Amino acid sequence: MGWTWKKEHLDVILVPSGLLIMFGYHLYLLYRYLKLPHTTAMGHENNSRAAWVERTMQIDVRDRGQALTVITTNISTATTLSSISLVLSSLIGTWLGTSTKTIFTTHLIYGDTSQSIMSIKHITLLIFFLIAFASFIQTTRCFVHATFLLTMPDAEVPASYVEKAVIMGSNFWSTGMRALYFAVTLLLWVFGPIPMFVSSVVMVGVLHNLDSDSAPLHQFRPVPSRSVLKNVGEEMVAVGRAVQQLGRPHGN
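19 is the number of the first residue of the sequence shown in my numbering; add one for each residue after it.
No lab work stands behind these hints: they were computed from the structure. Keep in mind that this is a model prediction, so the values were computed, not measured. Quick reminder that beta carbons are idealized off the backbone N, C-alpha and C, glycines included. No false leads were slipped in.
Ranges between beta-carbon positions, derived for each pair: (1) L52 with I77: 24 to 34 angstroms; (2) Y128 with Y179: 46 to 56 angstroms; (3) I77 with P34: 47 to 57 angstroms.
Please put together the full structure from these sequences, using the hints given.
Printed below as a string of structure tokens:
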């Protein structure tokens, strides 16, 4: 007998292809981030964070309330996302442990609807939600550590310590968001391999547009204060008057 096409074969072809596209793009993005950070949005963001930390550390500890507000906002957001990831992981785990049949079997899915494939779908989805949860927890840890360093009284804290904590927290944040992006494509796999593959291609196209930044890295030079500008202006006026006096003819 010859080979016969079955709809179950779509899962074998499209799902690995979609995952390969996603993983391949992120490996390419990782290479650019490590070797050519100025071509990525994350490289530009880290450059901005490094400049922000450098300027913040030049301020007195008692005047760093605005900087603490920025970090606290990031901590709250990371905590919320970690809670959402944990809740979704718990729901998927409960669903996987209690259900033997799903409402998406037979007629609604064009693909493999066997119980083993459905279990694989739920397990892979659960794994990426757990990765997102762990990443956002580490984000919170790094930002909390940065808060302690920023509020250290009567001590000279190197700016590199704070910069390392902030950038590491941002990297964990990016990892958590990428895990959620993978989870979205795997969630669509529940509805069949075709939606999963299409979402993978669309996701890579959107992420490539968002992750690319061809602008040169901005050099965050300090803005001259008003007092400095005022002094420069006064000096220029004084020089102008002196030149006028020297240019006047002297009387006999």
